[in-house]
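Asks: Build out the structure end to end from the sequences listed, making use of the hints.
Protein chains: 2
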Amino acid sequence: MIKVGIVAYGITPFTKDDQKIESLLLKSTKNLFDNNPEIIRNDIDAVLVSTNNNSKYLSPILSEMVGIQPKIAHSIESLCNSGTNSIVSAYSYIVSGLADMVLISGAERNDSPGQILEWDNSRGEFKHPIFWASIFAKSYKRKFSISDEQIALVSVKNHKQAKENPNALSNKTFTIQDVINSKKLTDDLRLLDCSRPCTGSASILLASEETARKITDMPIWITGIGQKTTSAGFTKNTSFSSMESTKLAGQAALKMANHNANDIDVAEVHDAFSVCEPMALESLGFSKPGNGTNMIKELYETNNFKINPRGGLIGSGHPLGATGIAQTIEIIQQLESSATNRQVDNAKIGLVHNMSAAATSSTVLVLEK
Amino acid sequence: MIKVGIVAYGITPFTKDDQKIESLLLKSTKNLFDNNPEIIRNDIDAVLVSTNNNSKYLSPILSEMVGIQPKIAHSIESLCNSGTNSIVSAYSYIVSGLADMVLISGAERNDSPGQILEWDNSRGEFKHPIFWASIFAKSYKRKFSISDEQIALVSVKNHKQAKENPNALSNKTFTIQDVINSKKLTDDLRLLDCSRPCTGSASILLASEETARKITDMPIWITGIGQKTTSAGFTKNTSFSSMESTKLAGQAALKMANHNANDIDVAEVHDAFSVCEPMALESLGFSKPGNGTNMIKELYETNNFKINPRGGLIGSGHPLGATGIAQTIEIIQQLESSATNRQVDNAKIGLVHNMSAAATSSTVLVLEK
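If you're matching them up, the sequences are chains V and W in order.
Taking the working numbering, the leading residue of the first sequence gets 601, the next gets one more, and so forth.
Taking the working numbering, the leading residue of the second sequence gets 601, the next gets one more, and so forth.
Be aware that one or more of the hints could be misleading.
One copy or two, either will do: identical chains are not told apart, so a pair holds if it fits within one copy or between any two.
Capping the alpha-carbon separation at 27 angstroms, the derived lysine-lysine pairs in BS3-like fashion look like this [to be verified]:
hint : residue 1 : residue 2
1    : K620      : K836
2    : K627      : K836
3    : K814      : K969
4    : K969      : K603
5    : K603      : K855
6    : K836      : K969
7    : K616      : K783
8    : K603      : K783
9    : K897      : K630
10   : K814      : K603
11   : K620      : K727
12   : K836      : K783
13   : K627      : K727
14   : K743      : K784
15   : K630      : K784
16   : K760      : K741
17   : K836      : K906
18   : K603      : K743
19   : K627      : K772
20   : K630      : K836
21   : K814      : K630
22   : K906      : K741
23   : K727      : K741
24   : K738      : K760
25   : K888      : K906
Hints in this document: simulated from the structure, not taken from any laboratory.
All values reported here derive from a predicted model rather than from experimental measurement.
Replies: Okay, here's the thing in structure tokens:
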């Protein structure tokens, strides 16, 4: 089978700025090409745009702006999980032989229409994602006797780590008491428990093994892929204290990569809300059920950036269509030892976990150098 | 290489009804499963939704409604060319080994936001597609000395053929004079020269060779794929009297299938406006430059349904995200000799041509039984 490598990336700062979606896509793509002037744009066979933005035909628009005439050009949407869906699509284009090199560009504005779950009638008036996250928090806390303070530490850790990420939306640190005292939004979640929508863009370039080795001395290989959709409406969740789609996607990705969770040196997990991080760590097999917050405490106290080194969604901000790509870029930087103050020692195998809407769908990627 | 076959399809009538996008997707998918009760829904690895609709997360929603828990689930958008982009994506998932069976469902409401080209500043106030089509018509007529009447025959032929298509939006026939006397919308195009937006949905199921042969005695194989994006803004067109992206996509698809244009027994071409049909026939190599309308005249006079047997976009209606899938279903029915009064004699090799926005991007598929 053809191996697929990631050979280049570009990213913008995550902000609250009002920018056009086309400009955002262009900025991270331009950053990618500026950092890799040896790449021949005409060799790019496919351009995939990952976004929840309502604008149409964005892939041909981006292609024209940067001077690419690809074969394949379209937008991909699956809410927060759009970015990694696009990466899996690009992977399959290359393995199938339909493309040799694929550009993926994800972008979102902070007023993204993907933030409100308008389509799920089972939510009644509770259409903001915080309501599923609150049910998760209540269920998880009750089942495993977890305190608000234990969950608040996720936000403390990720804000601390985001301070070392020059592209992060946040550059402030907080104490557990700051999180607990921040505005109470529901019974179980405060403002600082939440990731924030923002404006940002991230792009990566994938290539077949032969082409990847020509472009760079150290391609980052995609060695594991797992995806699962269990439902769309969150009332179909079989549990509110674990993530079924994440568990299945994680198992599939690790099996394909021929690894187990203990082999993973560094991981980006989808902390849309603080409670999601321990739940994801448990569903991915990094920690036993109910033990995720203990793992997070140990990492925090030892200044170990292994989980969400760039600050996660809580620290970095969450531009929906760009998030999965930005998570992937963080793991690339970790594997190529270019993550400066965020660097995890001796990182050889990394994992990306991206999901949508109450973990009704998840994607897990394993990356290796 | 793994062969990919189309093993099932479902479609709704194309109408002017006001229906929810979720209901539309469900209807054609339900039609597919009703016609093929032997298909096991849990064996479906990917669900791709093709649409320009602004609703999010439609693939997981459709999956939940029909009882599928796929690995891969997302929406794909590339304006009018969304449907065939989705088919190519499904093909690559199967060939790459990431999926064995993929459901594609395309749907659109007649108020689709893909109808107005808001994003192209090069169009000034002329954002409706009729303005690029009018420039095409003026250029094509001038270059090859073609009359309005010659172009009007496309509409006459396709309305006649649509009368034999029970799902078509139109069931009326018209004379050349009717077309010429219909409401003049621009200098060069009348109301009856235009396809009409409508509400409709179409779904197909793709499978690997091994699975396809288990499901049906006669899978329809995808033997050729060609795609090209030349630009997004239509002022980048290198010609207004031929379609560059169509030419390149057609050549690639025929080469992959190891055929030439003369081998094609039946074809669906993208007649968004009457002038597009002769231009596409010429760019695909079915006819010499400037000779497309003569070919159309001969087909019409001999009652030969070879080109756009279901009535094309002009006769069938044009629900953007569903169109490429509906075109493909017509070719499937032709190859399996189930096209009743529309049947082309001895159809063994078929072609689908789908495109977007002034032929700035095109997809061509070759299908064989």
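Asks: Evaluate K630 and K784 at a C-alpha cut-off of 27 angstroms and name the case that applies: within, between, both or neither.
Replies: neither (40 angstroms within a copy, 45 angstroms between copies)
Asks: As a check of your reading, is K738 near K760 (CA-CA no more than 27 angstroms) within one copy, between copies, both or neither?
Replies: The answer is within: 25 angstroms in one copy meets 27 angstroms, while 63 angstroms across copies does not.
Asks: How would you classify K888 and K906 at a CA-CA limit of 27 angstroms: within, between, both, or neither?
Replies: Within one copy, since 17 angstroms is at most 27 angstroms while 63 angstroms is not.
Asks: At most 27 angstroms between alpha carbons: which applies to K836 and K969, within, between, both or neither?
Replies: neither (38 angstroms within a copy, 41 angstroms between copies)
Asks: Within, between, both or neither: how does the pair K627, K772 come out at a Cα-Cα threshold of 27 angstroms?
Replies: within (25 angstroms within a copy, 51 angstroms between copies)
Asks: Are the CA atoms of K897 and K630 at most 27 angstroms apart within a copy, between copies, both, or neither?
Replies: neither (39 angstroms within a copy, 50 angstroms between copies)
Asks: When no copy is named, should K906 and K741 be tagged within, between, both, or neither for a Cα gap of at most 27 angstroms?
Replies: within (24 angstroms within a copy, 66 angstroms between copies)
Asks: Since the copies are identical, ignore which copy is meant and state whether K814 and K630 lie within 27 angstroms (CA to CA) inside a copy, between copies, both or neither.
Replies: within (21 angstroms within a copy, 48 angstroms between copies)
Asks: Under a CA distance limit of 27 angstroms, which applies to K603 and K743: within one copy, between copies, both, or neither?
Replies: neither (43 angstroms within a copy, 49 angstroms between copies)
Asks: Up to 27 angstroms between alpha-carbons, please classify K727 paired with K741: within, between, both or neither.
Replies: within (22 angstroms within a copy, 54 angstroms between copies)
Asks: Could you place K836 and K783 in one of the four classes (within, between, both, neither) given a Cα distance threshold of 27 angstroms?
Replies: neither (30 angstroms within a copy, 52 angstroms between copies)
Asks: With identical chains treated as interchangeable, where does the CA-CA distance between K630 and K836 reach 27 angstroms or less: within a copy, between copies, both, or neither?
Replies: between (42 angstroms within a copy, 21 angstroms between copies)
Hint compliance for this structure: hints 6, 8, 9, 12, 15, 17, 18 are not met, and every other hint is.
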